[in-house]
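Novice: Residue strings, one per chain:
Number of protein chains: 2
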Amino acid sequence: MMGVQEYLEILRNIRDCAFATVDCTGAPAVRIIDVMLVEEGRLYFCTARGKNFYAELMANPAVAVTGLNKEWQTVRLMGRAERLADGEQKAMIDRIFQENPSMEGVYPGEARYILEAFVIAEGRLEFFDLGKSPICRESSSFGRAEREEKGFRITEDCIGCGTCAAVCPQQCIAEGEPYKIAAAHCLHCGLCFESCPVEAIERLDSEAH
Amino acid sequence: MMGVQEYLEILRNIRDCAFATVDCTGAPAVRIIDVMLVEEGRLYFCTARGKNFYAELMANPAVAVTGLNKEWQTVRLMGRAERLADGEQKAMIDRIFQENPSMEGVYPGEARYILEAFVIAEGRLEFFDLGKSPICRESSSFGRAEREEKGFRITEDCIGCGTCAAVCPQQCIAEGEPYKIAAAHCLHCGLCFESCPVEAIERLDSEAH
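Same order as they appear, the protein sequences are chains A and B.
For the first sequence, the positions run 1 to 209 when our numbering is used.
For the second sequence, the positions run 1 to 209 when our numbering is used.
With the rest of the complex left out, here is chain A:
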């Protein structure tokens, strides 16, 4: 399994990632935003004070980030974006422009200081490798965030009939007492859950439903 820095570097290498926020009406918003720097398990980006993205982050720091690379790997980050302190802004914007030279073309000269730097220093992470067969997933967290279990689990109520294993599109359920889902290869599609004749399969994050 990879470490936090490696997951964040996948997003940095994709660079143009999708950043989702919740606007003042409670609706989702999503934009393509550059991941400017990844360092010591933290992800840095910036936006201009005039943009709605800036206003949304200042009102509600919850942010979700994702991207897909050419190897069909995707990382999802669910975290909090913090605006850097006033005294750290100028140095970080200068650092960002040094690491990302194309920014000078968009915000030449002093115009760069209309940008403000944000950091994501805590969050949950999901990694999904669609380039492998069967697909492969991992989850993790960083900062003070806790890792979250998702998907499904076969309980002791299992009668060993094998229906779940037969219907699984990824063939990731192994025979046993009870049968067992290989969580790393599960799509979370729910077909086993729906097909079990004795309702022996439960959701791991049932509060979301």
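Each pair of labels, with its calculated beta carbon distance range:
{"no.": "1", "chain 1": "A", "residue 1": "D86", "chain 2": "B", "residue 2": "E99", "range": "50 to 56 Å"}
{"no.": "2", "chain 1": "A", "residue 1": "E202", "chain 2": "B", "residue 2": "K70", "range": "40 to 46 Å"}
{"no.": "3", "chain 1": "B", "residue 1": "M1", "chain 2": "A", "residue 2": "E39", "range": "38 to 44 Å"}
{"no.": "4", "chain 1": "B", "residue 1": "E40", "chain 2": "A", "residue 2": "A182", "range": "37 to 43 Å"}
If you're looking for bench data, these hints aren't it; they were derived computationally from the structure.
Built from N, CA and C at the ideal position, the CB exists for glycine as well.
Using the hints provided, position chain B relative to the given structure of chain A.
Specialist: Just chain B now, with coordinates in the frame of chain A:
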């Protein structure tokens, strides 16, 4: 300016777009999801009944979609996702698998029917061409959604000092009485707004701030 179908086809051609929702805790979620079909100004996608994405959409249909293509064009769609009626599900899932043959590898045989089809038939659209200099943006809407004006406007309070035009990183402010922002080329960075010595520049979507 492009029509709705053309904007949606940009998303279809990107195919792996970022779909943002709001989860039951009010936090943003974002995932890479395939745009499966675009037809008659509507965008179709699908997801499995076991996934959190499905639960989120059923609880709150507000969805935002974006993607970036190889020509550095990006489309943002802010709309509502409707689950197709029961009687239309099977035909649409079959149609989706016909148009997207790689789906059979992930959900072989009858497993495809754990998926349900959704349509986005109304929403607001923003198009942003970063491959051009100056950058170029357009906005539009479809279904019952109304187009939204964003960015900044120079009011009659303008004293013609030219400060705004001098600071604009995209040089998209023309001299005049009042001075005028070329909205199609504006970054919405807010530098003119902050720099105007007489506060003659206003936000067009002030309710968001």
